[in-house]
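There are 2 protein chains.
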Amino acid sequence: NDALRPWVHCILLSPVQVANNMMDMDQDPRKRLCFADGRRKVDYVLVYHYRKRSSVRGSPSQHRLSIISNGSYPLGVEEKDQEGRKDEPAEVVVDVGPPDPADGEKIMIREEFEGNLKDAGLEIEHDKELREEKGLAATMNEVWRKLNQPFQPKVPHQENLGNSRMSHCYFWPFCRYNIKSKDTFFDNATRSRIVSLYCFAHESALFFCLTGITTLIANGVYDSAFPLHDVSFFFLLLHDEWARYGAFYKYQPVDLIRKYFGEKIGLYFAWLGVYTQLLIPASVVGIIVFFYGWATVETNIPSQEMCDEDQNFTMCPLCDRACDYWHLSTACGTARASHLFDNPATVFFAIFMSLWAAMFLEHWKRRQISLNYSWDLTGMEEEEVHSHTYIVTLCYSLLTSVCLDSCTGHEKLTWRDRLPGYLINISSILFMFGVTCSAVFSVIIYRITISALMAMSSDPEVKSNVRVTVTATAVIINLVVILILDEIYGMVAAWLTELEIPKTETNFEERLILKAFLLKFMNAYAPIFYVAFFKGRFAGRPGDYVYVFNDYRMEECAPGGCLIELCIQLSIIMLGKQLIQNNVFEIGIPKLKKLCRTLKDKERAPKEIVEQPGRRQQWHLDYDLEPFDGLTPEYMEMIIQFGFVSLFVASFPLAPLFALLNNVIEIRLDAKKFVTELRRPDAIRAKDIGIWYNILSGLGKFSVIINAFVISFTSDFIPRLVYQYMYSETGTMHGFINHTLSYFNVSNFKPGTVPSISSLGKDITFCRYKDYREPPWSTEPYQFSKQYWSVLAARLGFVILFQNLVITMSMLVAWVIPDVPKNISEKLKKEKTLLVDVFLNEEKEKLQLIQSLFSRDLTQEQQEELKVSDQTSLPLQQTQPGQLPPTSSPAPRTRPRAASFSQFTRQMSMSPRSDITQHTAV
Amino acid sequence: NDALRPWVHCILLSPVQVANNMMDMDQDPRKRLCFADGRRKVDYVLVYHYRKRSSVRGSPSQHRLSIISNGSYPLGVEEKDQEGRKDEPAEVVVDVGPPDPADGEKIMIREEFEGNLKDAGLEIEHDKELREEKGLAATMNEVWRKLNQPFQPKVPHQENLGNSRMSHCYFWPFCRYNIKSKDTFFDNATRSRIVSLYCFAHESALFFCLTGITTLIANGVYDSAFPLHDVSFFFLLLHDEWARYGAFYKYQPVDLIRKYFGEKIGLYFAWLGVYTQLLIPASVVGIIVFFYGWATVETNIPSQEMCDEDQNFTMCPLCDRACDYWHLSTACGTARASHLFDNPATVFFAIFMSLWAAMFLEHWKRRQISLNYSWDLTGMEEEEVHSHTYIVTLCYSLLTSVCLDSCTGHEKLTWRDRLPGYLINISSILFMFGVTCSAVFSVIIYRITISALMAMSSDPEVKSNVRVTVTATAVIINLVVILILDEIYGMVAAWLTELEIPKTETNFEERLILKAFLLKFMNAYAPIFYVAFFKGRFAGRPGDYVYVFNDYRMEECAPGGCLIELCIQLSIIMLGKQLIQNNVFEIGIPKLKKLCRTLKDKERAPKEIVEQPGRRQQWHLDYDLEPFDGLTPEYMEMIIQFGFVSLFVASFPLAPLFALLNNVIEIRLDAKKFVTELRRPDAIRAKDIGIWYNILSGLGKFSVIINAFVISFTSDFIPRLVYQYMYSETGTMHGFINHTLSYFNVSNFKPGTVPSISSLGKDITFCRYKDYREPPWSTEPYQFSKQYWSVLAARLGFVILFQNLVITMSMLVAWVIPDVPKNISEKLKKEKTLLVDVFLNEEKEKLQLIQSLFSRDLTQEQQEELKVSDQTSLPLQQTQPGQLPPTSSPAPRTRPRAASFSQFTRQMSMSPRSDITQHTAV
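Residue numbers (full-length UniProt numbering), protein chains in the order written: chain F, 1 to 922; chain X, 1 to 922.
In short, the hints are calculated from the structure, not lab data. Hints may be right or wrong, so weigh each one.
Copies of the same chain look alike in the list, so a pair counts if it fits in one copy or across any two.
Stated by the list, open to error - With a cut-off of at most 35 Å between alpha-carbon atoms, the simulated DSBU-like pairs for lysine-lysine come out as follows:
hint, residue 1, residue 2
1, 830, 106
2, 106, 829
3, 600, 106
4, 365, 672
5, 600, 770
6, 827, 365
Values in this document were obtained by computation on a predicted structure and should not be read as measured data.
Isolated chain F (complex conformation):
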């Protein structure tokens, strides 16, 4: 058990201005990870700025690294004997920084924090320019204390500081137990267990440390804190087998990822993997649906009729005065394109995708449980697994709540304190909503005005390209606006969440995610929602158009229907967003940032590099990397993508395919980023993906109703059905186009809106427009016709039918797929069976042992027998005869024994674990 030693090391090391050559492999990589003695492994690095005493030029501040280790040795280095290590004093080297008034408090806090870490059994080393002897280090430390003394009076010392809010969390949790001599407080087993708690494969390891450190970093006491990349077998395996585009077709080594980066990041990649994997069937079905549309376009009667030049529908002009009447057959192209996406298979696909979403969530639930199962049991020494996992769970949950409460609790804020925060929140979100809407509206205005201006142009070249030019530029403007607002909204969400002062870290994260999601979702989807449900619905009718700014007619959909426009909008935003986000935000900007920092560092301290050419330690390399910002942006990107895949899938069956292609790249891109471009993130334990699951499930539900509306209102599916079964005389689709076009008497045009120059306009009395309205010769001209109302009823009926059908089916899917995979539940059952065996055996052996210890009449021979039974686990019967003497001994002598005996057994039985069991179960 030497690997789980109770000593944890810390080094504080000198300014880092090293390493332009990132992956300098000349040095023994193992050495780079070690303390000055080249043996103890460095686990964690703390960086802080300090003023150099000798610094004459007054370069304002420099970095220091403080490195913490769990004391496990890198492979191959011979291990010291434990007893020997015990006597070795924890080495602490602190340089004599000048306690300048401004930095005074910071230095003190740092002192105290590091003192606490050392008290808790961690070892700390300071990395400096000039390496000093151990003995000297101790002396210097003493000197520092003495030097520091005269500078301290202004600030209340330790005791008072200990009560100040900020230092709440500096104290090591076990200080609560008033441990004066920690060597004797815990027995070896407990000690090793508790220590393994923070050595637990880097995971929960530095949790406590971090709780305090986040506050310290926020207050500028430290600059940053990160664990070191461990350029070991695991790392190289990850580097070669995972963070490589060539491996795109392979499963991810999730267990390895979890071992190296911790459960939280492991879960993210596992989730991304499951999602990507499930996109494959969705893509296949999407492609089939698309090809079905492609194959049936020739036989599709409505598009045939639209392209049929004999039918010769004369349509009303698309703009006032400048536009001429036109023949419907000129819109043949869009009609045919529209059929690719707007065909009966799309309805099936929308249902399929809703069930797919339900299936995805269920599948992920199962995977999560499998992962939970395997991750909690594997990767630990087998005999430690039970107690270990238990303690980790126990302390973890306890300390999280206790510590975070005292950190961020701020003496229980009342409703009144929070009210302004909430009010600002609500009003800000409403304001952002307004911003998004006005952005969408501005683009509409842009589109209207530009197309009007271009239509008025006399150049026929310009005129013919109106729609294409306007649509393309508008979508690109939309995209740019979305990308800009996305960044702004991320910052706004963080700001708003801070205003709320959430109680715990988890709470903070959840609220932040929820807000950011709300804003970004709105931002990304507002233009799409507009095209799907509003565009062309407020345009009015010939003779009674709706005008904005008194001059510009509201835009209508293309003659092929709004669906094709929705499809274009969707695909451009989806692809554009993904490409730009991947290339610019995830690759470009980090590279730029790094370049900037390197240049800055070079400028600031060019000398030191020259001074120390040989000192390219791992922490210098790691410090140069980008800090890790959390998983939120990664998840957010994927969730927004999930929205594209599920929400409007009825209009764009190829969305899953594009998502799949993006994700295959995304996985490796993220992997590369985590392995080579980011400082190693703190390993955080997590049981699930948290609020993201709820968001996913919410999106899944929302997608049902959205798809229902897209099918029934945006596509022509329902009007076609209604025509075929209610109005068509032949029972076929022939005559459908004619049926959807209303008549308009050109004499009813308002003055000044009649086409000024018209090639067709001479002998025309009626023009047609797409709507269900009464003809001019009816008693209620231009009112909505009976067809309009029947189609509307059918559309609404379809929405109800679709929504309830799909929700029921989704519930069925979720019900049929068990949450716990069968092999896991069988394993659990087996374990339960084993448990009672273990439990009873344990009780038996315990009893046996205690009885033999207490028996005074035990002869030497019986003692020998006992030993045998202990070592070979003989069945009970053999040792029985000699085991029940206590009652036969004289009463006055047995009494006190009996008392301690019962107390002993009671204590054993009084273990609090059962309690935990019960409450976690609740």
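Based on the hints, put chain X in the right spot on chain F.
Only chain X this time, still in chain F's reference frame:
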């Protein structure tokens, strides 16, 4: 700890033909609960039939009772010393029943089962007519064995029998550990803990016993098995404070109920209490809505117009030939009545009730968690609570799965074995569905024919009462059919579930409940659904009526609308079902059954009663009570009622009030039944109400869509809105009635359908009917008009709006109300903090104790010190100096010690509990 003694007693006692006077309090009630020695308390009774050897007249079989006790003494009886009891042999008195070939195997199984019980430490006593001496009993027992020997050869003996399927479960679970001498296997603490497992206040107590016994009862080896009513303080308290109509306004003593009847029954009453309590606000709002309708009926324009005789709408006749034209104003009464339930407040009420249902579920979740919390910790000796709860949980979950699997597993059935069962299931359910539908249809036919016949009658008295008579009789027939089918469906569901061969008991129960619910729900609601959504919609129109059997016109709704009919149907079925179920099924039939059994017993063995006048033991009294059938019928009744309250609440706002009144009585009725009329049920632990919660939540969701449809399609709410905002010229409701009535040209009547004798018919050319159709003079006479489609669209739109709005609001309610009440979560947090203290202290003390035990150099003085420290729990520091000597002793002597020491500590740390923690958490 004498109360938790490891001896559990059993008595088998002689035929029970005692006690007509049920609650004979002459005897000391305590004595009646005891073994023959009058001291050991009887816990459990097993009854079996046997042939009397002396029985010459050959009365076929008689009952025997076997009583098991946990050995706790009733209050007041002095307690024996534990050592004394230990030596006392378990007394077993078995009479020399003749091992007749048919009964041979049963007797042997009984023998074996009781032997196992005794092996496990239970004490058994056989109750017989003639009490025999203990010595004699033993002799008789021996005699019985010898006598039995010759009759045994045919059946394979013990070993083989042990392998047969049936005996799998007879074996006491601990037999798996090959316990030969149980006295030495467990230490006292473990022993008392394990025994307390089945003594746990009667709850889990007899679980193991029961697992085997259910099989044995099914095979006829035993007749019945039940624990005894404990006429103690608790029982009397329950009797006085709970099972009394006078206490109807009080909260239920839920903790007491749980203590006496176990968690499962406790949860039922707690749930019923929460439900009833929450019905109070719902009733209040319902009454307000009803009074709103009542107050506005005078000012309501549509009903004013309907009653206005000046408007004089001449309506088309309601039946062919026999019926005359009629004036709408004659239907004034129903119009006014209809307004009571069909007004805008109803819409609000429907939304309110949907949210109420969501709130109810959330509230119950919280209550359940509170109960779980308090029940797992209280009611136990404080120091036992941790380990105890833990063991109970552990063994419980383990044994449930292990034992039930081996009982009902039937060597893993494959899909093929199950297929026929599933097919029968599906087809049977479809068949039952058909039966229900045809029952509903038959009643429709009855209604149509009777009203036609009555309309043709010449008696004006008969004619005027047509509608009332027909409706009343039809609803009563409906009710009777429902009640009969309800019983049949209950049996069918049980039969079908047995066909499926579910894997575990829980599984069986869930499937049974689901099936029974499906069938009974369908049965109860089919006629209501018919009235709400189908009645009058297929009647056709004047001149084109729909006929059934070529002769009878399909029925239409009353002129006031279908809502009033729905309301009548609903109230009669709801009230009728509840009243009849409460009075007949829950009070009448049990009384009858008891009477029958008493008469039967009297006939069969009138002699014994005379023989033993003084032997009215508690088990005789209890045996006369009704056996407990499980909670399913109770829950089912309440869930069906919940359906009435939630599903069609839009049509009948008084439903919550009636439900409330019923439940206030129901609680006390059930209480009385449990306390005085049923044998005491086995106490079963349960964490929640199981599948009923899912059913409730499903009903809640279903109710949203049903209410949406009732409001938009059954009530006139939407047509009125549409009229007011789309068609009304004044913007008021004036003219609404005229608008809803279409014109029919009487010349278009089919020949033979014109009223034969008509007082109004002479100068009539048009009659009116309620529908939106084109007038005769339009181009498409009698087709649905534009109004029809616009109203339909509005109705469907309302459904979508209502459904999504209410679902969103319900989700918000569920999200806003936290699942864990605040005080509980705070308590849990506190406990977590305490836990680490306890855990660390425990580890510390354990270490201390062990160290002191192992120290060889421990002097007598130090030993004294240790005793003191053990008893007073001195802090660690004081005992430290003398505690770390083991290393200083010579190596060869310490080695084996050290080995066992480390083994010991390892075992303690290897406790499997952590594992459980983790998996239950998963």
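Tested hints:
no. : hint       : verdict
1   : 830 to 106 : between (55 Å within a copy, 34 Å between copies)
2   : 106 to 829 : between (55 Å within a copy, 33 Å between copies)
3   : 600 to 106 : within (24 Å within a copy, 93 Å between copies)
4   : 365 to 672 : within (27 Å within a copy, 46 Å between copies)
5   : 600 to 770 : neither (63 Å within a copy, 85 Å between copies)
6   : 827 to 365 : both (17 Å within a copy, 30 Å between copies)
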